[in-house]
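Asker: The residues making up each chain are set out below.
Number of protein chains: 4
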Amino acid sequence: MEPRFTFGLWTVGNPGRDPFGGPTREPLDPVDSVRKLAELGAWGISLHDDDLVPWGTSLAERDLIMARFKAALEETGLGVGMATTNLFGHPAFKDGAFTSNDRAVRRAAIGKAMRSIDLGAELGAEVYVFWGGREGTEAAVAKDPRDALDRYREAIDVLSDYVVEQGYELRFAIEPKPNEPRGDIFLPTIGHALHFIGTLSRPEMVGVNPEVAHETMAGLSFVHGVGQALWAGKLFHIDLNAQRIGRYDQDFRFGAVGLKDAFFVVKLLEDAGYEGPRHFDARPLRVENEDGIWDFAAGCMRTYLALAEKARRFDADPEIQAALAETKVPELARPTVGGYSPEAVDALLAEQHDLAALATRGCRNERLDQLVIDLLLGLR
Amino acid sequence: MEPRFTFGLWTVGNPGRDPFGGPTREPLDPVDSVRKLAELGAWGISLHDDDLVPWGTSLAERDLIMARFKAALEETGLGVGMATTNLFGHPAFKDGAFTSNDRAVRRAAIGKAMRSIDLGAELGAEVYVFWGGREGTEAAVAKDPRDALDRYREAIDVLSDYVVEQGYELRFAIEPKPNEPRGDIFLPTIGHALHFIGTLSRPEMVGVNPEVAHETMAGLSFVHGVGQALWAGKLFHIDLNAQRIGRYDQDFRFGAVGLKDAFFVVKLLEDAGYEGPRHFDARPLRVENEDGIWDFAAGCMRTYLALAEKARRFDADPEIQAALAETKVPELARPTVGGYSPEAVDALLAEQHDLAALATRGCRNERLDQLVIDLLLGLR
Amino acid sequence: MEPRFTFGLWTVGNPGRDPFGGPTREPLDPVDSVRKLAELGAWGISLHDDDLVPWGTSLAERDLIMARFKAALEETGLGVGMATTNLFGHPAFKDGAFTSNDRAVRRAAIGKAMRSIDLGAELGAEVYVFWGGREGTEAAVAKDPRDALDRYREAIDVLSDYVVEQGYELRFAIEPKPNEPRGDIFLPTIGHALHFIGTLSRPEMVGVNPEVAHETMAGLSFVHGVGQALWAGKLFHIDLNAQRIGRYDQDFRFGAVGLKDAFFVVKLLEDAGYEGPRHFDARPLRVENEDGIWDFAAGCMRTYLALAEKARRFDADPEIQAALAETKVPELARPTVGGYSPEAVDALLAEQHDLAALATRGCRNERLDQLVIDLLLGLR
Amino acid sequence: MEPRFTFGLWTVGNPGRDPFGGPTREPLDPVDSVRKLAELGAWGISLHDDDLVPWGTSLAERDLIMARFKAALEETGLGVGMATTNLFGHPAFKDGAFTSNDRAVRRAAIGKAMRSIDLGAELGAEVYVFWGGREGTEAAVAKDPRDALDRYREAIDVLSDYVVEQGYELRFAIEPKPNEPRGDIFLPTIGHALHFIGTLSRPEMVGVNPEVAHETMAGLSFVHGVGQALWAGKLFHIDLNAQRIGRYDQDFRFGAVGLKDAFFVVKLLEDAGYEGPRHFDARPLRVENEDGIWDFAAGCMRTYLALAEKARRFDADPEIQAALAETKVPELARPTVGGYSPEAVDALLAEQHDLAALATRGCRNERLDQLVIDLLLGLR
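Going down the list, the sequences are from chains A, B, C and D.
Numbering that gives the first Met the number 0 applies: residue 0 is where the first sequence begins, and numbers increase by one.
Numbering that gives the first Met the number 0 applies: residue 0 is where the second sequence begins, and numbers increase by one.
Numbering that gives the first Met the number 0 applies: residue 0 is where the third sequence begins, and numbers increase by one.
Numbering that gives the first Met the number 0 applies: residue 0 is where the fourth sequence begins, and numbers increase by one.
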């Protein structure tokens, strides 16, 4: 199956503002973005409510915007991979949306999310994402984290009931991030989000939407995090981009840094048969004008496809396969004990565990990893 | 209740070796450590199997060592807060213990853990910790993370069955760490471990043992992480020390860096009524000789007690309490919706959500946080 | 001498915009900021050209603005600690100012700096700061770093000549930063800037303006960096704030994180007799409204003064002084050889260097550091 | 000219010890390392005094070791790229060597360095490296950084005089590192070291030896740092390896992470005509046995050569060259003003600086960077 590529309207439409400078590009008309992305070979788009229908738009105008946008989708054949609520841009949400200390803000946030879910459902979005960018604090004294998690859970529970009651097909995906724009954000990593999901009233409806940049900011292995999400059956969506560890949120073009890491992510998605969108949540560099936007979008897809092709070669390369075997990679799939029983334990404890002998085996990781480098560099 | 302070035998006994230099101190006799810690006011100790009974010790010698050690515990009244298995020091475990690619190593690891659990139970340890320091990789190609999690789960499941079968009272606590000594370690954060626990066959028996240094290495908020563990009822043990973000594992004296963060951790433990040991998993600086070991141990406890006293003052300070109220900290404990119902949703959607008006409230976090600084500096 | 506290107009005037959300506060009138800062006890202010006179202002209007502002300074007695050029906000500087690949942009940047220097001189600024926030790149391919340094040097050389020709008293201070808003910024640390200064045509006129947040982002020791600047006689200005390692530029209230580090910075400035302004280049949290701005400003000064008082106690505390002596801190000021001579070398080589014996001394750093913690916590 | 590859004896000879576990390999005989490296195509080796002649070896034994080692060099034709002193391994240096608070330790360190310089000169080393791994502190209170820099400078000054007096041809290269094994190390970055060199009595004799891992730990751009060193004429040696940001010192095989960064470093070295050794200061993974050592060594050289070949293709690729021109990369080499003169300033100030117009140019960095990715992936 061909990978389905999607881009957020806010990604190609990003005007290039940053904390130290104003916008460098005009905002794009979402309909133009749809057409151009179709032309470049994308499968679909994703959006926040406000990307298409700014807060405060009248109902009449909303309907016009929606009709025109749906026409563009129909015309181009583009789908909607996911929709989400902007609960971070308006100053009302400065101290959180679902976890604002102000109950009235929390109620407004849930209301905005419901209306945005309606919009997402109307557009046929597959997944509905929650990125709690403002759910955090700079001053630990200002929120008890246990209360914050209670409120976060309450909001997701109410909204999942709402989806079911409305008869929508949507599944939810929670997007973790460790910090920025808040000093510390609740549900900072894939792991925290996966655990949180297990505490919800409808856990089966909720998965994660991990993002390369967000895990990488904290120096965590993205491929291990995505692996844990897949292992749990919880990879409902994914945000692809690039990022250096320990920096501001960079949202670089997919593959722009961390090529080997990007390769293993692509390989894992392809191996695991992940069927969701390959969603690029990245931004054209601020130094670009409109030409650069499309250089950027094309580059994201080009690199993904090149790495997917290399993943196929990896599987077909006899030397690589032999090296995997010598490193005993397949043996990790074999049970160690195969379930507890008194006999199994007795058998295990009766064995000689000659650690000194076991220590002599070399793991040949250097060789195997160099074969990957060779593959990436086009040397095999 | 007085906090119960414990120290690992390997902490005060650390000889000061590091990756670039040899030991600077003689190893301590565990019995001497017990006596000295008792003298300084600690409640107890913790240990790896090998700290007390080195690998390869004969059974006869093991019994002698154990008898002498138990006598020292009895003599001093010290307890055993936790026990754990050294599955990282021997070169056999260089590529993992429960997740080694080599099945024979995995079986040896489970066997070593069983024998070490016997030892922990014999000493009356409250908690049995699993720190999977070698469960990871430097080369992502060398392990499928999904297989690794399968094997990790299998091992914990087998060992929890073993504990139940043996009739031990032990609870398990998993200790996450993002990296070092491996390039990337599985179960890198509190969140990943909490999620993993939910997938086990005996989840009720297993909690987490978070460590300041481990979460802080990745720049994650330790107080938020501990908060999530408490929220989940899973804080079974805790490792206190100090660490700068983005560095090698420093294991500094508790409070040596990050005083404000340390204060909120102490406050959270005290507020939550956490009853487990306050365990210092830290190391005297390598520049110290034996005198410095006890400076270090006394300092850990001294700073904890000072911060706990400040936590009490925090609660008693009317200006701080007024500032908490103005910042609406207590309001975060109040339900936002109070459970889904069509009426509740209708009521919420019928409300005016005047974001502009909601945005005007100032959160006074600067003032509240400055009050904390004043409290810490002894100015109030 | 009382420390002279200054605040940037852009700091108290920061409207609370960030990469994910719009402003949360109205901009302040610079004249109001001057009055309020005077009331709170600040010595003075600092400014970018555009903070006071926005780009594109007519000359006539500029004169009106300047007259009104100078009147406010006179009325309140506030001084101007430093002035600087905004060479990062306008999209023309998106790819750098002095190191833009576009020569016309570089010339515009130098022109803007000259006019801004005129403005700074007219206001009596002591120091003129260069923060090259856009002098960098996200894509290493886009600039040869050697060319970039040539252009950077050329710009500073031309501008220092300009100052001398105009007869201004200004000294320059270069402000390093490792990244953000660019992926990598040239002159990323105090060290790189100090080296660069040595290559200028008027090195004596140029020093550094280090900032807590900027060095800390990269995990570098701010006190060591400031120490190297003082050692070189090059600390011409300083930006005080707070920051966690490995994160987006946080610009927190001075002392809000890293209390012990803040203490050593204050102590070093006071010990070294640094006479320049203590400049707070920080931002009130975005969750604040105007009340919070002044909480923030007052807190910066309050914490500085509290730490300066603790530095005095440090010097007066006999136990601390004895501990310093035992740790041989003063002995580090004693020459090791005292200058090369054949005799000195012969004497040194003739000595027994009994490393084993030298290794036995304990450095008692744990005790000394705990005394500092006690001092900070108000326990001594 | 073919690049000259060198390896430290301590790199291939690394036995695999780390802070949490014992060695996994036998130490190699230096003579065997020499032979094997020659076989793999290396140009030469480098060494610490203790790598070859352990501390405490008698003079007679030293002569035997040296004779045998020189014979191996002669037999194989291998050269000695650099030599250095081990001033970090022995516990006597636990609190620093040249900056120990203990003057007797400082004198011992200078003495050890002199004897080690003799050894390096005897072996014909081109460069003599100083890595001050222990020159730092975990407790800022324990050393005044200004005193530490005085002592550091004194030591280098005395040793450079010693070299001149002895008539050796050696040049010195200072190797910066931000932290590990000390909490904070003096001269933490290339920039700090370059500045320090300018304060020495024989600055012309001293350059830098930057290491990928050391700058990368702090998240600094290695290619920019090396660029500043080349710009200053101070790149006397270089340490190539790989490292993730914000972690313990990993010393991975060159290219193992950060392929694009590695490419730009290789390209810069090749473009700049750097003639020194390409020195791999890396370690085989601890999971390897001896086979893995040579996989590792071969991989370092293989990746360097592959990237150098890609650098040649980069120069020969017309589309890349056209993209460089459109991005105006060559224009950065053109002077902006061309030297100060009143006329030049008048001309500049007389220009219209239409920032709005200048802002419209797109920099096409996305396209240029994607061409680099394509080149790396073997797609062009």
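One or more hints might be untrue.
Chain copies aren't distinguished; within one or between two, either way the pair holds.
Stated by the list, open to error - Heads up, simulated EDC-like pairs for lysine to aspartate or glutamate below, C-alpha to C-alpha not over 16 angstroms straight-line:
(1) K309 x D373
(2) K309 x D146
(3) K309 x E168
(4) K35 x E289
FYI, nobody ran anything at the bench for these hints, they're computed from the structure.
Asker: So which of those numbered hints doesn't the model satisfy?
Answerer: Structure breaks hints 2, 3.
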